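Novice: Here is what each chain is made of, one letter per residue.
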Amino acid sequence: MSAAPGLARRLLAHRQGGPGLLLLLAVLLLALFGPWLWPGDPWEMAAPPMLWPAEEAANPLGSDVMGRDMLTGLVSGARVSLLVGFVSTLIAAGLGILVGALGGFHGGRADAALMRVTELFQTVPTFVLAVVLVAVFRPSVATAVLAIGLVSWPATARLVRAQVLALRGRDFVLAAETFGMGTARLLCTQILPNALPPVVAISSLTIAHAIQTEAALAFLGLGDPNVMSWGTMIGSGREQLVEAWYICGLPGLALVVTVLAFNLLAEGLNDCLNPHLRRR
Amino acid sequence: MTASTRISAVAEGPAPPLLQVSGLCTTFTTHAGPLPVLRDVSFTLARGETLALVGESGSGKSVTAASLLRLVEAAGGRITGGRALFDGVDLLALPPAALRAIRGGRIGMVFQEPLSALNPVQRIGAQIAEAIRLHRPLSRRAAWARAVELLALVQIPAPELRARDYPHQLSGGQRQRAMIAMALACEPELLIADEPTTALDVTTQAQIMALLEDLRRRLGMALLLITHDLGVVAGVADRVVVLYAGRVVEQGPVERIFAAPLHPYTRGLLDAVRLEALPPGSALPEIPGLVPALHDLPAGCAFAPRCPRADARCHATPPPWREGAPHQGAACFHPLPAGTGRHAA
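Chains as they are written, first to last, in the working numbering: chain A, 125 to 404; chain B, 37 to 381.
Calculated from the structure, these hints are not laboratory results.
On a predicted model such as this, the values are computed, not experimentally measured, just so you know.
Positions of the beta carbon are idealized from the N, C-alpha and C atoms, including for glycine.
Mixed in with the good hints there might be a few duds.
[What the hints assert, rightly or not] These stretches of chain B come out as covered by chain A in the derived footprint (C-beta under 8 Å, 3 or more residues): (1) 163-171; (2) 213-221; (3) 309-316.
[Claimed, not checked] If you want the ones that stay clear, here's a sample from chain B, every Cβ over 10 Å from chain A, calculated: (4) S93; (5) G117; (6) N155; (7) R182; (8) L306; (9) D332; (10) L333; (11) P341; (12) A348.
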């Protein structure tokens, strides 16, 4: 695998990957250093309600209908979105790789059974399933992460399966088999390292989708009641959409920017990790 | 050392053969129905001997090699019969763990196209070290040192540097040397080489064959060489097995096969490469017709439709195996009389 600095440089030079990486970096910095730059509880009613952005120096992005500071809320939302996005995608990628690799490698009945389960998950609308899962358990960041992870793996599983199927019969895999490698080692050292680049690219899309799903859950009031997320903010501001559109608009913009960043990054990763499109 | 002295030593020794394949049948399942790719393939290979498996494309040479190491299963094939005794143990009936111990341990394999047979995302040295550590309890560092030694053994210049290269950074010949180093990682008793020089240019081909022959002699391995290059066969093989449409049609010592072939197909193959005896301007000799499709094989001898000596019996019943000379036999009703191997002027 090429070294990480080389990949970062190629990504930055890429038409979509570059802007994606920079946007993501901005959101990441906001999430990391925001609480330190603008300390405070996002739930605290610290200002007069419905202050417009730039009206008061203490609340640079204004306040919502209950007088909670918008900027502190946006920072908290960035942390929640990124956390939920990354961790649930980790779960989805893990499950997807496991299911796809086992199905693709063994083929036959095991493959058929695993793919039927995958199709079962694909036929159920993912958002409805996530709503049900979160509603059954108590809404919290952990249940949101689990629910989103559990509904997001089928695409990864199908992709990994296709990759493994294609790689299973390749000469170097057969050659490794003639050196006496068993199934686990063949998968881990020969097949998966060659199958992962598109998985990395699709995982960026999975993160984007997970962030949207989390926001939608929070909008419906199925988010963690103790954590301010972008979805919560949009939900609480929807009745003032006409007189104070910024209450929905700012978290909405943050959501758009973050999801766009991951989509652009996925595009960039797909090109930069694909050896057929990359010039050596 | 000439081929003949080696053969006589082998033939007179009481030791059992290293590899004894008998009645090997392999079938591939396709949309058009089952395809009998190997039908009753039998041959033996003594310790330290070089056996060449020759035949046209599609004759079953590579499938024979893949069947011995049970690789056909991953490619959609099934071994439907026969035995392959390796030092007394049937490879075709081994449980998976024992099979893994033999693969890469006592039997090594070299593939035809080294670029596709090496993992593109792993350094050469790491691949060889891993092959070693599968069978030997060595530390990573010791396995790496051994990998560099092996690269030196296969005459790759600056082996410490090349060990850190990825496959795409090496030349074709170097890649095949690296592949051979990997197959030799655990000093196998048998090396199976499936057309090891086909993907290389002519000068590199000669170097790789010389290297294989040298290593075979130094390490005392047996070599099962799969090839369609009769020049290579004449240079290195002790004995030859000729395959046609999944059956052994002739086998014998290399000098007998070249000087006095029994089967008309062997004769046709030899004529097709003995061009120096042709008068200038004459048409190139060829075997008329095509290899029969495996799902539509004739009832009798598979070569009968193309054979100048075929009669009604050949078309009706498959010819039995007949010994035509000491250690030489063919599956033919009308073997060629001795002394007709040289191209008739």
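Novice: None of the hints should be skipped; say for each whether it holds.
Specialist: Evaluation of the provided hints:
1. 163-171: Our answer is that it holds, as 4 residues pass the Cβ test (under 8 Å) against chain A, meeting three.
2. 213-221: holds (count 4)
3. 309-316: Violated, because only 0 residues of the stretch 309-316 of chain B bring their Cβ atoms closer than 8 Å to Cβ atoms of chain A.
4. S93: Check passes; 17 Å lies beyond 10 Å.
5. G117: holds, 22 Å
6. N155: Non-interface label fails for N155(B): nearest chain A Cβ at 5 Å, not farther than 10 Å.
7. R182: holds, 14 Å
8. L306: holds, 31 Å
9. D332: The claim holds: D332(B) sits with its nearest Cβ about 26 Å from chain A, beyond 10 Å.
10. L333: The claim holds: L333(B) sits with its nearest Cβ about 26 Å from chain A, beyond 10 Å.
11. P341: The claim stands: P341(B) keeps its Cβ more than 10 Å from every Cβ of chain A (closest is about 33 Å).
12. A348: Check passes; 43 Å lies beyond 10 Å.
Of the hints listed earlier, those the structure fails to meet are numbers 3 and 6, in rising order.
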